[in-house]
Structures are given as C-alpha cells and as structure tokens.
Amino acid sequence: MLNIRVFSTGRWLVSLSVLILSNPLAVYAVEQTAAIDSAKPWWFWPIVLFFFCLILGILAVMAGVGGGVLYVPLVSGFFPFHIDFVRGIGLMVALAGALAAGPGLLRRNLANLRLALPVALIASTFSVAGAMLGLYLSALNPDIIQVCLGVTIVAIAILLLYSKNTEKPVVTKQDAIGLALGLGGAYWDDGAREIVEWKTHRTLLGLFMFILVGLLAGMFGLGAGWANVPVLNLLMGVPLKVSVATSKFLLSITDTSAAWIYLNRGCVIPLIGIPSIVGLMLGSLIGVKILAVAKPKMIRYIVITVLFFAGLKAIDKGTGLGLLG
Amino acid sequence: MQSSDKEQSVKASREQIVYANLLIIGVWAGIAVLVTTYATYLAGLLPSHVKMSLIPKIWDKNVTDYLEITHSPHGWGWVALLAKGDFLNYIGLTLLGLMTIFCFLVLLRGYIRQKNWIFAVIAFLEIAVLSIAASGILGSGGH
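Sequence lines, in order, name chains A and B. Going by our numbering, 113 is the number at position 113 of the first sequence; the sequence numbering is gapless. Going by our numbering, 15 is the number at position 15 of the second sequence; the sequence numbering is gapless.
Derived by calculation from the structure, the hints in this document are not laboratory data. One should not assume that every hint holds.
[What the hints assert, rightly or not] In the EDC-like style, the derived pairs of lysine to aspartate or glutamate whose C-alpha atoms are separated by at most 16 Å in a straight line are:
| hint | chain 1 | residue 1 | chain 2 | residue 2 |
| --- | --- | --- | --- | --- |
| 1 | B | Lys84 | B | Asp60 |
| 2 | B | Lys11 | A | Asp190 |
| 3 | B | Lys11 | A | Glu197 |
| 4 | A | Lys199 | A | Glu167 |
| 5 | A | Lys168 | A | Glu194 |
| 6 | B | Lys57 | B | Glu68 |
| 7 | B | Lys11 | A | Glu194 |
| 8 | B | Lys11 | A | Asp143 |
| 9 | A | Lys168 | A | Asp190 |
| 10 | B | Lys61 | A | Asp143 |
| 11 | A | Lys199 | A | Asp175 |
| 12 | A | Lys168 | A | Asp143 |
| 13 | A | Lys168 | A | Asp189 |
| 14 | A | Lys40 | B | Asp60 |
| 15 | A | Lys173 | A | Glu197 |
Make the full structure from the sequences, and use the hints.
In structure tokens:
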C-alpha cells in the first residue's frame, strides 16, 4: 500500500516536473514575465530561479546529463541575466554537483582516479583557454557567444539522440600509452553479478579529443559530461558505468579551472548564484530518489527536445531574428 | 588473474579513498558555509556592498559594466570586502573552488612517497594549472 503511494507520488512528481520544464509555453511565460515585469522586487527572481533549478536538477539526473548543459541554455534564453553571469554560475552549478557525487563514485571504484588524472590535466588546461576565449568573445559581442552556444546545444541534442553507448566495449589489445599509464581496472557489476575488468585503447586519440571538450566546457560554462562519456566509452573502450562515473568526477576538476576564471572576473552574482547551486543540488538528490519510479528513456527524449528548443532559442536570440519570441 | 587478485582489484586504491574522504568533508563544509552566508546576506545582518534592489536593474549588463556600476572588485579583491553581506558569500564559493587543489596536494605527496613519478608529475601540473586559474593572473583584468 505504502509502496503504491510512494510510486504514484514519484510518478506525479516526475510528470509535473517534465510537464513544467518541457513545455515551451512555461519557459516562454518565464521570459514574458521577465520582459513585462522588470519592476519585481529583488527576491522574486532568486525564488523563481531556486524552483526552476530544483526541477532542472531532477530532470538532469533522470536524463543522465549534468546540470550545466541544461542550466546555461535555458537560463540564458529565458531569464533576464546577461550570459556572462549565466556561464559563470553554470560552471559553479556543474562543479558543485560533480564535487557532491565524486566521493561515492570513487569509493565504489566506479570513478577511476588513474583514468581521470591525465584526462583532467588536458581538459582543465584547455577549459581555462576556453573560458578566456569565451569572455573575450562575449566582450566583443555577446551575440557571438549566444549563437555559438545555440549551435553547440543543438549538436549536443543530436549527439544524445544518435550516440549508442556500449555497456562493455571489447578491447582486445591495450595501446602503449594506456599500458604505461596503467589505465585499466575492475569493478563489480551488480546486474550481471560479476567482476568486469577493463582497459583502454586509442588512448592518444582520446586524450586529444579532451582538448576540444575542455575548450567547449570553458567557453560556454557547460559541464562536459555529454562529451566525456562518448569519448571514454566509444573511443577509448572504457565500460559505460566507469565512463559515466569517471566523467562525473572529471567535471569536479575540469570545471574548477574554468570556474576560477569566471569567479575572478566577477561573473558570479551571489544573489542569483547561490539559489541556483543549492536548487540544482537539492533537485539532483530528489532526482536520485525518484529515479526508480521514472521512465528514464521517455525523460531522456523529453530532455533532448528541451535541448533542441533551448539551442534554437539561443540561436534565435543571438541572431536577433525573434522567431521564437 | 587469480580470483583473490580479481577481488582485490575491485577495491578502490588507497589514494582514491583518501581523495574521496577529503572531498566529502570539503563538500559538506562548502554547502554549510554557502547556506549560512547566504542566509546572513538575505537577512541583512551585514550591510551589502551592492544594494539588492539595484542588482535586478543591472544584471542584464555585461560583467565589465556591472563591475563598473557597482564599484565591485575582480580577482581576489573581494577579500577586502568580507564585512559586506554579499561578498561574504564568496567564502563558500572559494571553498568549493579550492577543494580540488587541496585534494591534489595530498595526492602529490602520496605519489612521491610511492615513487610513482608519472602520476606525481601529472598531479603537480594539475596543481599548477588550477593554481594559476585561481590566482587571478588570467582573465580577471579588463576594466
């Protein structure tokens, strides 16, 4: 009886959050409120932002994406804040989520420190460069960043739609770099009730790919989980579970370097930053609880739709066409 | 691989556990500080450097204009304004930002003790990258 009640409450919560966030009319209403009523008291937007981020956090966990990739396009598209602040806070949001998830993943040996360290060094170095480039372009003309962000978000949506990750990729022979760095390990698979051993291949190419991942993460203030997982899993042959966990842990390092650039530049306004960070972290905790009763596949498709919409909205805003309101 | 070796390989390495333990302490400390300082700020227990009523009028400006209008510092200039409610929030944000550097310092010490020079160099370079980013040498100028 109690289970049925928990189950239906969870379903109700999921349906409600999906309905609110996936409905373009709802986000359009947020934007219209911002445009029409700029005379709202100072506390109005932090409260709206807190609940918006709470829902965002629930959806992000269930869709298997980080908070930043949803936060930056949606908040920059539909809230009145300048994109400089949205990117700075977006990175802090992604960083806080990754820091919170890191300890559990490391202890269970799902996130692998040896794999993360060389990858993080490359990604974090280039995320600093990306952050500086992003701030430079945004100072020239913020519309350039808005359009580039929109194109990137649409590309991410396509990537999420078509990438078919492999649960346990077959790696017949480890390459010399992977061997030298000791990039391999084992984990206990609860579902299959067995120990899964793994090692990497195409390590050099994978490491090169993290140059691009770092640049994009820094430039747009996105966590880069959407890119880390395909590179680790499809290219380097790391099992999906280890890829997802190591990617989440990686964000705590990559986002730290880029977040410092934005933080030092003054791009984090505490009034809107703290409710975003706390809202998204609480949302992630709720999301984990109701993950069991949700249908992740359906939610994944809805999030992809939201990303498409947010990406097109960013392009529309940057180009000044005004087709989407 | 022998089955006992296999079972051993499933366990997280010592340095991984140390890293996780440090991180969990830092995260909870960071969240506690963020919530406390934000509550202090909202309650108006300390005067704000930038009036809350002004912020909604200028948060659509770019960061350079925003800093100019509010006479706010960049880089580590906020340290001098810690008696102001809004800049007090930077303690929690900074704690989250410094957490990884601190964890890497502990890792570096462990790798040096193990004479694992490849990973000691990687950890050292990561500390250098993060410290340069945190120092404010890069990307904090401009107005």
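### Query
Honestly, which of those hints from before does the structure not fit?
1, 8 and 12
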